[in-house]
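Q: As given, the protein sequences belong to chains A and B, one line each in that order.
First residue of the first sequence? That's 1 in the UniProt record's numbering, and the numbers climb one at a time after it.
First residue of the second sequence? That's 1 in the UniProt record's numbering, and the numbers climb one at a time after it.
Among the hints, erroneous ones may be present.
Some chain A residues flagged as far from chain B (calculated, every beta-carbon gap over 12 angstroms) [stated by the list, open to error]:
#1 R18
#2 D31
#3 G68
#4 S224
Computed, partial: chain A to chain B, Cβ under 8 angstroms [as the list claims (entries may be wrong)]:
#5 M60
#6 P64
#7 V75
#8 P78
#9 G84
#10 T92
The hints are simulated quantities; they were obtained by calculation from the structure and are not laboratory data.
Ideal Cβ placement from N, Cα and C applies to all residues, glycine included.
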Amino acid sequence: MEDTTGTDRGSATVQVSRLFQGYGRTMVLRDVDFEMQGGEILALIGPSGSGKTTLISTIMGMMPPKSGSVHVLGVRMPNREQLGNIGFMAQTDALYTNLSGMENLKFFASLQNVDKRRFAESAMHAAKIVHLENALNRRVAGYSGGMKRRLSLAIALIGDPEILILDEPTVGIDPELRREIWSELHRIADQGHTIMLTTHVMADAAQADTLLMIRQGEAIAKGSPEEVKEQYRATSIEDAFVQAGRDQDAHLGND
Amino acid sequence: MRTWAMTRRVLTELLRDKRTLALMFAAPLLILTLMYFLFQGANNTNADLAVRSVDADLVSAMQIDGMHIHDVTASKGSDADGGTARQVIRDQDYDGYLEQSGDSLTLTLAGTDQTKSGLILQSLKSAQTTLSAKAASATIASQAASLKQLEQKVTELSAQLLALNAGKQTASSSQSASPSTSSSGQQSQRNPSTTVTVTYLYGDADSTFFDTLVPIMMGFVIFFFVFLISGIALLHERTTGTLARLLATPIRRREIVNGYLFGYGIVAIIQTVVVVSYTLLVFKTEILGSLWTVMLINLMVAACALTLGLLISTFARTEFQMMQFIPIIVIPQIFFSGIISVDSMPRWLQAVAHAMPLFWGSHAMSDVVEKGAGLSQIAPDLGVLAAFIVVFLVLNVLVMRKYRRV
Ligand SMILES: Nc1ncnc2c1ncn2[C@@H]1O[C@H](COP(=O)(O)OP(=O)(O)O)[C@@H](O)[C@H]1O
Ligand SMILES: [Mg+2]
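With the rest of the complex left out, here is chain A:
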């Protein structure tokens, strides 16, 4: 089976083909089809409720596809072991508030199979990126919303995973820190790692290599920020998104 051999799938690190996904009877994603290469940063943009989180859960293998398939590093998802290669940041912070920041990092690192000898260095590095190095010994219960967000990001970064999947990583993070985080994400991508993130913020979208616009469960546009702007003859990504939405409505109306 091609599913288990990664090499013959080309260089795609994440491959989503003809994916249909939903909850019960309601379909949330319809015919989503794309792939990502190592070193690529892909931003999923779309209004809330459009299915971004659902797409991410499916890629992580938390929900098996209704139809179609998802492969991560050549392995068909859902696959438990493969989760060890994915650094994940959920949309809502899921942290142990009775534990300190460091204890949270340590706990998730051990679940993620991060090598013990590399842990201290890796944890310090991740904490520095999100400017939490001085708060690591405090209980998370005393963290602000933004600090919790940053700790969640640090947990995703720890152990230098092959794939990073970040659901709204920049919510509640100030512009200065956001810039630093982006430069770190670019550095990680330059090392050949694959990064996928969701965002509402057009400034974030502009930083990505590839945009995937999702609206009402369909991928309505895909390409680099320049390509997308050009395609819709828009001056900003926002305008392009609005135009793409109009086209989608018109298309649906014609059906």
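Fit chain B with the ligands to the known structure of chain A by using the hints.
A: Frame of chain A, contents of chain B with the ligands only:
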């Protein structure tokens, strides 16, 4: 590896939660202490009995420990329809009223407290025994006759009481009641007295209801607190999203459940040590069997409570909903854990009892504590407990499929 990380995290979180810690370790001791005082006192029953126109011989024969007899002959009013009895009992807050009219004796019992009624009946019985020995004397011959009539009734009533107290008389301390003949041969064929001889196979006359309760309560408090606290802990993981987050790592579902099992297992061991030492040192309870066996049983009970608690927490959305399962899942178990003798229950209730983990736990525990049973004798009980644990474990792993299929 990952299981150990889970275990360590569960324990660290618990250690940081001082209130819950206090609940797990202090509350069981508080409950046991309360029961100790409540059920020790049960031996010192006393009863107030009003007597009217009752022969002085009979009254003096009825004076046994705890009986307070008040002669109300001087006060006005006497009728046969029970109106006076009712009034005297109510006005004076007495527990019984005995009236003699010629040859017949009428006893009215308040009946609000079975132990007090029991004491009055017992005093009548002993009076009857004493008097029947002297029955040759003409003055009391007639009384002996009427007493004999009453005896019938008393025997009936005490039979009922005995049944009522069956639970208290303990499931384990077996009593052999054998009629023994009265010493004065002359009366014995005419009026065979029934002296109850009680032999204790285990324990002695000083054994109280509390001694029976100790092994049962030990299992119960551990079951209750482990069930509640572990259930709420997992529920909390579910509502805060950390459970879904855990399942976004390569952890196995069973590693999560095992992490909880080991974490709370350690807590249960400490809890058992605390509870057992407390009962040994403070209540001077005798444990006939091995302490290790006691530990093992409690550990199994805790594992059962844990796996059941985790499972039940799936069906709760809030902590309050988790509490709502206590009257459904936990409280009924205590009725079937030996406080009331299961053998005397109707067949269908016995079947219900056997479906309760605590029934098996308490059964094993009572055997070890009171009869000195060894591991091989309680092996069947432990086997059933193990089966419960395995079933609950598997169900837990299955319900987590909701979050991740693999
Ligand atoms: N657990 C769920 N059960 C049922 N419907 C859901 C569930 N989660 C999300 N949805 C629905 O799926 C749609 C897409 O949700 P989501 O993927 O969270 O969107 P986004 O992340 O883009 O805001 C929404 O209409 C939402 O109501
Ligand atoms: Mg979302």
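Q: Identify whether the interface hint at P64 (chain A) stands, where standing means a beta carbon of chain B within less than 8 angstroms of its own.
A: This hint holds: P64 (chain A) lies near chain B, its Cβ roughly 6 angstroms from the closest one there, short of 8 angstroms.
Q: Verify the interface restraint on M60 (chain A): the C-beta must sit less than 8 angstroms from at least one C-beta of chain B.
A: M60 (chain A) check passes; min Cβ-Cβ to chain B is 6 angstroms, inside 8 angstroms.
Q: Is the hint on P78 (chain A) kept, meaning its closest Cβ partner in chain B is under 8 angstroms away?
A: holds, 5 angstroms
Q: Double-check G84 (chain A) for me: the hint is only fine if its C-beta lies closer than 8 angstroms to a C-beta in chain B.
A: holds, 4 angstroms
Q: Take a quick look at G68 (chain A) and tell me if its Cβ sits farther than 12 angstroms from every Cβ on chain B, holds or violated.
A: holds, 16 angstroms
Q: Once the closest CB in chain B is found, is it more than 12 angstroms from S224 (chain A)?
A: With a cut-off of 12 angstroms, S224 (chain A) remains clear of chain B, as the shortest Cβ separation is near 29 angstroms.
Q: According to the definition I'm using, a residue is off the interface if its beta carbon is farther than 12 angstroms from all beta carbons of the partner; does R18 (chain A) meet that for chain B?
A: holds, 20 angstroms
Q: Holds or violated: is the Cβ of V75 (chain A) closer than 8 angstroms to a Cβ in chain B?
A: violated, 11 angstroms
Q: Per the CB criterion, is T92 (chain A) less than 8 angstroms away from chain B?
A: Since chain B brings a Cβ to about 5 angstroms from T92 (chain A), closer than 8 angstroms, the hint holds.
Q: May I ask you to check that D31 (chain A) keeps its beta-carbon over 12 angstroms from the closest beta-carbon of chain B?
A: holds, 22 angstroms
When the structure is compared with the earlier hints, a violation turns up for hint 7 alone.
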